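Keeping their order, the protein sequence lines are chains A and B.
Going by full-length UniProt numbering, the first sequence opens with residue 1, and the numbers climb by one from there.
Going by full-length UniProt numbering, the second sequence opens with residue 1, and the numbers climb by one from there.
Simulated from the structure, these hints should not be mistaken for lab results.
Take the hints with a grain of salt, since some may be wrong.
[Stated by the list, open to error] Listed next, the in silico DSS-like pairs over lysine-lysine satisfying Cα-Cα at most 27 Å (straight line):
#: 1; chain 1: A; residue 1: 159; chain 2: A; residue 2: 190
#: 2; chain 1: B; residue 1: 279; chain 2: A; residue 2: 354
#: 3; chain 1: B; residue 1: 349; chain 2: B; residue 2: 335
#: 4; chain 1: B; residue 1: 246; chain 2: B; residue 2: 74
#: 5; chain 1: A; residue 1: 173; chain 2: A; residue 2: 191
#: 6; chain 1: A; residue 1: 187; chain 2: A; residue 2: 60
#: 7; chain 1: B; residue 1: 331; chain 2: B; residue 2: 229
#: 8; chain 1: B; residue 1: 279; chain 2: A; residue 2: 361
#: 9; chain 1: B; residue 1: 246; chain 2: A; residue 2: 87
#: 10; chain 1: B; residue 1: 246; chain 2: A; residue 2: 354
#: 11; chain 1: A; residue 1: 354; chain 2: A; residue 2: 97
#: 12; chain 1: A; residue 1: 361; chain 2: B; residue 2: 246
#: 13; chain 1: A; residue 1: 348; chain 2: A; residue 2: 361
#: 14; chain 1: B; residue 1: 92; chain 2: B; residue 2: 31
#: 15; chain 1: B; residue 1: 181; chain 2: B; residue 2: 156
#: 16; chain 1: A; residue 1: 354; chain 2: B; residue 2: 313
#: 17; chain 1: A; residue 1: 42; chain 2: A; residue 2: 150
#: 18; chain 1: A; residue 1: 42; chain 2: A; residue 2: 97
[Unchecked claim] Computed list of chain A residues with no C-beta within reach of chain B, every gap over 10 Å:
#: 19; residue: 47
#: 20; residue: 53
#: 21; residue: 61
#: 22; residue: 99
#: 23; residue: 100
#: 24; residue: 148
#: 25; residue: 190
#: 26; residue: 269
#: 27; residue: 310
Note that the coordinates shown come from a computational prediction; the quantities given were computed from them, not determined experimentally.
A virtual CB, placed ideally from N, CA and C, is assigned to each residue, including glycine.
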Amino acid sequence: QLDHGRALHTAARGGLSSVSPQDVPAERPRAAFHTSESDPAKHTEQHEARLYNIPLEEVKAVFPHGLPHRFQQQIQTFNEARVMVRKPALELLACLKGSNFAHPAVRYVIYGERGTGKTMTLCHVVHYCSRQGWLVLHVPDAHLWVKNCKELLQSSYNKDRLDQPLQASVWLKNFKTSNERFLQEIKTQKKYMWGKRESTEEGRPLGEVVEQGLARARSASDAVGVVLRELKQQSHRGSFRLLVAVDGVNALWGRTTLRKEDKSPVSLEELTLVHNLRKMVMNDWSGGAIVTTLSQTGSLFKPSSAYTPQELLGKEGFDALDPFVPIPVPNYSPREFESCYGYYLERKWLQHEKAHTEDGKAELQFLSGSNPRQLDRLAGPL
Amino acid sequence: TLRLICTTTAAQRKNVGASGPEKYTEAFIKKQIEEFNLGKRHLANMMGEDPETFTQEDIDRAIAYLFPSGLFDKQARPMMKHPTEVFPEQRKVQWGEDGRPFHFLFYTGKQSYYSLMHETYEKLLNVQKHQDQMIAQDLPLQKEKRNLAGSRWLTKIELEEMLLEKVSDDDYSRFIQLLEKLVALPCADIEEKYIQKFSKEVPVQLQKVVIEPLQYDERGVAFSTGEGKRKTARATAVVYDNGTGKVTVNGIDVLHYFPVLQDREQLLFPFQFLGRIGKHDMVCTVSGGGRSAQAGAIRLASARALSSFVTEKEVEFMRQAGLLTVDPRVKERKKPGQEGPRRKFTWKKR
Numbered sequence: 001q002l003d004h005g006r007a008l009h010t011a012a013r014g015g016l017s018s019v020s021p022q023d024v025p026a027e028r029p030r031a032a033f034h035t036s037e038s039d040p041a042k043h044t045e046q047h048e049a050r051l052y053n054i055p056l057e058e059v060k061a062v063f064p065h066g067l068p069h070r071f072q073q074q075i076q077t078f079n080e081a082r083v084m085v086r087k088p089a090l091e092l093l094a095c096l097k098g099s100n101f102a103h104p105a106v107r108y109v110i111y112g113e114r115g116t117g118k119t120m121t122l123c124h125v126v127h128y129c130s131r132q133g134w135l136v137l138h139v140p141d142a143h144l145w146v147k148n149c150k151e152l153l154q155s156s157y158n159k160d161r162l163d164q165p166l167q168a169s170v171w172l173k174n175f176k177t178s179n180e181r182f183l184q185e186i187k188t189q190k191k192y193m194w195g196k197r198e199s200t201e202e203g204r205p206l207g208e209v210v211e212q213g214l215a216r217a218r219s220a221s222d223a224v225g226v227v228l229r230e231l232k233q234q235s236h237r238g239s240f241r242l243l244v245a246v247d248g249v250n251a252l253w254g255r256t257t258l259r260k261e262d263k264s265p266v267s268l269e270e271l272t273l274v275h276n277l278r279k280m281v282m283n284d285w286s287g288g289a290i291v292t293t294l295s296q297t298g299s300l301f302k303p304s305s306a307y308t309p310q311e312l313l314g315k316e317g318f319d320a321l322d323p324f325v326p327i328p329v330p331n332y333s334p335r336e337f338e339s340c341y342g343y344y345l346e347r348k349w350l351q352h353e354k355a356h357t358e359d360g361k362a363e364l365q366f367l368s369g370s371n372p373r374q375l376d377r378l379a380g381p382l
Numbered sequence: 001t002l003r004l005i006c007t008t009t010a011a012q013r014k015n016v017g018a019s020g021p022e023k024y025t026e027a028f029i030k031k032q033i034e035e036f037n038l039g040k041r042h043l044a045n046m047m048g049e050d051p052e053t054f055t056q057e058d059i060d061r062a063i064a065y066l067f068p069s070g071l072f073d074k075q076a077r078p079m080m081k082h083p084t085e086v087f088p089e090q091r092k093v094q095w096g097e098d099g100r101p102f103h104f105l106f107y108t109g110k111q112s113y114y115s116l117m118h119e120t121y122e123k124l125l126n127v128q129k130h131q132d133q134m135i136a137q138d139l140p141l142q143k144e145k146r147n148l149a150g151s152r153w154l155t156k157i158e159l160e161e162m163l164l165e166k167v168s169d170d171d172y173s174r175f176i177q178l179l180e181k182l183v184a185l186p187c188a189d190i191e192e193k194y195i196q197k198f199s200k201e202v203p204v205q206l207q208k209v210v211i212e213p214l215q216y217d218e219r220g221v222a223f224s225t226g227e228g229k230r231k232t233a234r235a236t237a238v239v240y241d242n243g244t245g246k247v248t249v250n251g252i253d254v255l256h257y258f259p260v261l262q263d264r265e266q267l268l269f270p271f272q273f274l275g276r277i278g279k280h281d282m283v284c285t286v287s288g289g290g291r292s293a294q295a296g297a298i299r300l301a302s303a304r305a306l307s308s309f310v311t312e313k314e315v316e317f318m319r320q321a322g323l324l325t326v327d328p329r330v331k332e333r334k335k336p337g338q339e340g341p342r343r344k345f346t347w348k349k350r
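Chain A extracted, bound-state conformation:
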């Protein structure tokens, strides 16, 4: 199955490489901060601080729900998706390439201050893994599951727990878009009962479980749980590699803002989705990797200056995730800043006359403090 996956991708890459000779003459003037290398597998230190292009079809296939909102707007404006290759991402990719899949899955936690590019690093890794043919389990933002939930149903599987049909069905839909072919190949190992009448037999493709979850909103969360359990059990066989990518993992060990009908607060153990995801993030399975991001922006009840794993995860989360490989993401280095600034200039995003001068560049660097998000917000009105 892996060769099958690779054959598909070489065909896509072949298509791309036929396009690149035409692109090369146009790309030469802007070769300073762009790179024509579209495959994350080939990115090395040489490509650091450069932007690479992801074709739009791939974006729709690989990232149905993962990219940050502002980046999606930028893709729409510029009609292309350009991601910067940065050092933390390169480190992660090197670790992934060299990791031994017989051992239990290694956990990586990407952390950093607000707006430094953690989610983008995660997306870079997800792109690489999907290119390599891994099965990607991408949770865009775990915070969405612990706050602003309109419906809470009591779970049929376990009386104490609460289901979230809306979030679960949304996630299942996106999961289906990103991992179509795997759903036909992976078979269930047990019989699952959805209520009194429907059931899924043993040996049926996982796609059926997903369809079941999408068709019946009531059992969506249980479908999610089933999918996660199956993937975990089967990944160590080696037929596929599993990547669990969770953004905002600190939501799994914090508090919720949800309340039951009698206004009593819901604790995290009572939510099915959270429970299953926690089991997934444990490193008691092998044959893949777990890459997570800490996020303060969506987190509840945490001060805005907190960014280290210890502060954001709390004692519980830290113990649960320990041991992990921490990957800090800093602000832009001068080279990265220059390439980002050059990209904005080239796409004519900076319209102000003074923005083209050296002074303007120095001003932008000072005012944004080389923070990617601040630079993006500053360059917006210019």
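Please build the complex by placing chain B on the supplied structure of chain A, with the hints as guidance.
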């Protein structure tokens, strides 16, 4: 209406002396002077100083010590000055006991103005005669240019104070024209003393600004300190040379301490003005005030610190740009009978 900060106080003062006939008699003024001297000796006694050598500055200091006042307007505070400074000069009675006026131009209505014009014209004729004499004797005419840049003529109000009577705009402009004509003649140096009575020096502002020399720390990097304040915030800034443009405030990075773009723009302004954005590092401490006040205080402190890295001309540019002036605006006091400093209570008709 705009409040003009840059004009001199001379243009804003009203002249009380030329308003009307005498309000204070001579005997009254004399009594005030006697009382003032007596009071001066008493004050010297109270302060333990020598009554004979008690100057006006000592009086001011003593009064400020005995009657401390927090009022902003210096002229509203208690003061003890010589009566001639307190009571403006008044015109004495212009006619004698028989009703006959003293001055020959009394019936023109503006006697001092016309006498002044006559005097000035006399000087002009004098100068012209001297000039003719010099030409007749074939002596070279002196052509020394007066320093016009540092001096200005008296304003209309100052002229009114000098003459103790009202001068209209027209009359004032005619007088100035006459003076200009006098000065334009080559041999006007003869009447230099007379002309100096009507001209004033414009003080150069820059002499008040003190530039500190650069200091060097252990590693050999040049640095300099500056202090600044705005409203209630006080800030000290240390600007290091050979830097990358990193700014630390109270030990916290500037992006975290000032999340608002406006404050960071205030900090950027001195560096951007001098074109030295990425060249200096800055470490500041700030306390008091609010977000905006702290930003303004740090801006002033950093501008003052930067003035030691920079030539004098650029310091003058900074001063004119307003980077080196302390912002005098503070919170205005709430008055009784009103809800705030300016807002009155809601007016109800009944």
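Next on the checklist: So residue 99 of chain A supposedly isn't at the interface. Is its beta-carbon more than 10 Å from every beta-carbon in chain B?
Outcome noted: 35 Å, holds
Checklist entry - Between residue 279 of chain B and residue 361 of chain A, does the CA-CA distance stay at or below 27 Å? => result With Cα atoms ~14 Å apart, residue 279 of chain B and residue 361 of chain A stay inside 27 Å; holds.
Next on the checklist: Holds or violated: residue 354 of chain A and residue 97 of chain A, Cα atoms, limit 27 Å.
Outcome noted: It is violated: about 44 Å lies between the C-alpha atoms, which goes past 27 Å.
Checklist entry - residue 173 of chain A and residue 191 of chain A: Cα distance at most 27 Å? => result 22 Å, holds
Checklist entry - Is residue 42 of chain A within 27 Å of residue 150 of chain A, Cα to Cα? => result 44 Å, violated
Item to check | Least C-beta distance from residue 148 of chain A to chain B larger than 10 Å | outcome: Consistent with the label, residue 148 of chain A stays out of reach of chain B, its closest Cβ about 25 Å off (over 10 Å).
Next on the checklist: Given the hinted pair residue 42 of chain A and residue 97 of chain A, is their Cα-Cα distance within 27 Å?
Outcome noted: 11 Å, holds
Checklist entry - Checking the smallest CB distance to chain B, is residue 100 of chain A really beyond 10 Å? => result 40 Å, holds
Item to check | 10 Å Cβ clearance of residue 53 of chain A from chain B | outcome: Consistent with the label, residue 53 of chain A stays out of reach of chain B, its closest Cβ about 30 Å off (over 10 Å).
Checklist entry - Given the hinted pair residue 181 of chain B and residue 156 of chain B, is their alpha-carbon gap at most 27 Å? => result Holds - the C-alpha atoms of residue 156 of chain B and residue 181 of chain B are around 18 Å apart, at most 27 Å.
Item to check | residue 47 of chain A non-interfacial with respect to chain B [C-beta, more than 10 Å] | outcome: Check passes; 25 Å lies beyond 10 Å.
Checklist entry - Holds or violated: are the alpha carbons of residue 348 of chain A and residue 361 of chain A at most 27 Å from each other? => result Within the cut-off at roughly 15 Å; holds.
Consistency with the previously given hints fails for numbers 4, 11 and 17, ordered from lowest to highest.
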